[in-house]
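There are 2 protein chains.
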Amino acid sequence: MDQLFHLPISPACRKVRLALGEKGHEVELVEERDWEGRREFLALNPAGEVPVLLEESGRTICGATPIVEFLEDSVPDRPLLPGDAYARAEARRLAEWFDKKFAEEVSLPLIHEKVTKRFMSAVEGGGSPDMAVVRATLYNVRYHLDYISYLMEDRRWLAGEAMSLADITAAAHLSCLDYIGDVPWSQFPQAKEWYVRLKSRPSFRALLADHVPGMPPPRVYANLDF
Amino acid sequence: MDQLFHLPISPACRKVRLALGEKGHEVELVEERDWEGRREFLALNPAGEVPVLLEESGRTICGATPIVEFLEDSVPDRPLLPGDAYARAEARRLAEWFDKKFAEEVSLPLIHEKVTKRFMSAVEGGGSPDMAVVRATLYNVRYHLDYISYLMEDRRWLAGEAMSLADITAAAHLSCLDYIGDVPWSQFPQAKEWYVRLKSRPSFRALLADHVPGMPPPRVYANLDF
Numbered sequence: 001m002d003q004l005f006h007l008p009i010s011p012a013c014r015k016v017r018l019a020l021g022e023k024g025h026e027v028e029l030v031e032e033r034d035w036e037g038r039r040e041f042l043a044l045n046p047a048g049e050v051p052v053l054l055e056e057s058g059r060t061i062c063g064a065t066p067i068v069e070f071l072e073d074s075v076p077d078r079p080l081l082p083g084d085a086y087a088r089a090e091a092r093r094l095a096e097w098f099d100k101k102f103a104e105e106v107s108l109p110l111i112h113e114k115v116t117k118r119f120m121s122a123v124e125g126g127g128s129p130d131m132a133v134v135r136a137t138l139y140n141v142r143y144h145l146d147y148i149s150y151l152m153e154d155r156r157w158l159a160g161e162a163m164s165l166a167d168i169t170a171a172a173h174l175s176c177l178d179y180i181g182d183v184p185w186s187q188f189p190q191a192k193e194w195y196v197r198l199k200s201r202p203s204f205r206a207l208l209a210d211h212v213p214g215m216p217p218p219r220v221y222a223n224l225d226f
Numbered sequence: 001m002d003q004l005f006h007l008p009i010s011p012a013c014r015k016v017r018l019a020l021g022e023k024g025h026e027v028e029l030v031e032e033r034d035w036e037g038r039r040e041f042l043a044l045n046p047a048g049e050v051p052v053l054l055e056e057s058g059r060t061i062c063g064a065t066p067i068v069e070f071l072e073d074s075v076p077d078r079p080l081l082p083g084d085a086y087a088r089a090e091a092r093r094l095a096e097w098f099d100k101k102f103a104e105e106v107s108l109p110l111i112h113e114k115v116t117k118r119f120m121s122a123v124e125g126g127g128s129p130d131m132a133v134v135r136a137t138l139y140n141v142r143y144h145l146d147y148i149s150y151l152m153e154d155r156r157w158l159a160g161e162a163m164s165l166a167d168i169t170a171a172a173h174l175s176c177l178d179y180i181g182d183v184p185w186s187q188f189p190q191a192k193e194w195y196v197r198l199k200s201r202p203s204f205r206a207l208l209a210d211h212v213p214g215m216p217p218p219r220v221y222a223n224l225d226f
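The listed protein sequences correspond, in order, to chains A and B.
Each residue of the first sequence is one higher than the last, beginning at 1 in UniProt numbering.
Each residue of the second sequence is one higher than the last, beginning at 1 in UniProt numbering.
Looking at chain A on its own, in the form it has when it is part of the complex:
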C-alpha cells in the first residue's frame, strides 16, 4: 500500500489526506516529525518536509500542492478542480488564500506555539506557548471566518457550486484549529454550516479519529453537532 509521511496537526498533510479520501485512494499513514531531520526521510524529500507520498513502486511525490495536483492528474474522476479555466483559477486563488494568508496569520504560528513546541526539545526550540502569538492568531481568525461567511452568501461551496480544492484547503487549516479548540464557530453561523457539510463527508472521518498523544481533542472535535 502507498504510504503518506505526515503529521496529524498539519494543514498541508490534512489537505492531502482529504484529497486522498475524496479520490478514494487509501494509504498507510506514517507519522514523521520532520524537524528532527531524519536521514532516511531526507532521502525521500530533500526539502525535509511532510507531506510525502511514497508509492509501493518506490516513487515519491513531495509537497501538498504537487501531491494534490498529481492526484487530480492521475485520478480525473471525482474532480477537485472544476473544468472551466476561470473556475479553476478561482478555486486555486482561494486555496492560496488559506495556504498563504491564513497560514501566516493564523494556523502556522498557532500550531507552532500550541502543538509543535510541546514535542520539541529545548535545543530544537520547544517550550511553553508564547501567549501573545496565540492571542494574535485568535484575533486574526475572525477575519477569515467572516470572509467564508461572505462567500457563503451566494455560493454553495467556497469557489462556486461544487466542492473543490478551495474547500478541502480551508477545512484542512480550520480542522487543525478545531482540534486545538480555537474556532469561534457560534459567532459565524454561515461558516459553521459550510464546515458541518464538509465534516460530514466520508473523506473527513480519518481526520476526526486523530488523537495526538498527551493532547486529546475537545469533546466537540469529532461531533457533527457542535
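Honestly, the hints are just simulated from the structure, not real lab data.
Be a bit skeptical, because a hint or two may be false.
Same chains, same names: a pair is fine if it fits in one copy or spans any two.
Unchecked claim - Under the rule of at most 25 Å between Cα atoms (straight-line distance), these lysine-lysine pairs were calculated in the PhoX-like manner:
hint	residue 1	residue 2
1	Lys-117	Lys-192
2	Lys-117	Lys-101
3	Lys-192	Lys-101
4	Lys-192	Lys-100
5	Lys-117	Lys-23
6	Lys-100	Lys-117
This structure is a prediction, so every number in the text was calculated from the model and none was measured.
Go by the hints and put chain B onto chain A.
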C-alpha cells in the same frame, strides 16, 4: 490589452511575466505598491497582493500559481508542465522548493531589506536594511545554488529534459537577487550555465530591461556574458 498589476523586484510577479512571455501573451504592466492597500486594488484582489492579471473583459486572476496554471489551462501549446503526471509532480515540487524554501530563506527577506524598505514610509516599516538579515540570506543562497548545480549533473533543465515551471520559478527568484547584485555565480559554474540559457530566452528580455527608480541594477544584470 490585458493588464498585469505587479512589482518589478517580486519573484511571484517575475514568474508570471516569464510564463506570459513563454506563452506569447502580451500584457500592459502596471506597478502596484501593494503594501499601500489602495482601495481600487483591494477590489480586484481581496488578498491585496500582486500579481493580479486583469483581462480586458474585466475578469481577474489573482496570485502567481493561479495565473500560471490558468495560462497552462488556457494556452496548452508551449507547455510549462510536462505531459506525464510524475514529471509534472517533479516540476511542481521544484517550483514549491523555490516558492517556499528559497523564498523564506533567501529572496523574501533579502528583497524586503534591500528593496521594499526603501519605498516604505517609517510608519509602514521602511528604513535602512538590517545587515544581519542580509548576511544570513547571502549565506543561505549558496546552499540553493549547490542544489541547482547538483540537479544539472544529469538533467538539462531543473525538472528534466524540458524547460518547465521549475526553471521559470527558480529564475524568477534568482533574477531578483541578480538585480540587487547578490548571486555568487562564479563559484557555481553549472548553475550559471543553466541561468545563462534561461537569460537568453526571449521571455527574459522584459525582465532585463527593468529599472527601479533610484536603484539601478549592476552592469552585469542585463548581460548574457556575466
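Here is what the structure says about each hint:
With identical chains, the CA atoms of Lys-117 and Lys-192 are never at most 25 Å apart, being 29 Å at best within one copy and 40 Å at best between copies. Taking identical chains as interchangeable, the C-alpha atoms of Lys-117 and Lys-101 lie at most 25 Å apart whether they share a chain (22 Å) or sit on different chains (21 Å). Only within a single protomer do Lys-192 and Lys-101 lie at most 25 Å apart by alpha-carbon distance; the minimum there is 20 Å, versus 34 Å between protomers. In this assembly of identical chains, the alpha carbons of Lys-192 and Lys-100 lie at most 25 Å apart only when taken from the same copy (22 Å versus 31 Å across copies).
Taking the shortest alpha-carbon separations for Lys-117 and Lys-23, neither the intra-copy value of 33 Å nor the inter-copy value of 45 Å comes in at or below 25 Å. Proximity of Lys-100 and Lys-117 under a CA criterion of 25 Å is satisfied in both settings, with 21 Å inside one chain copy and 22 Å between copies.
When each numbered hint is compared with the structure, violations occur for hints 1, 5.
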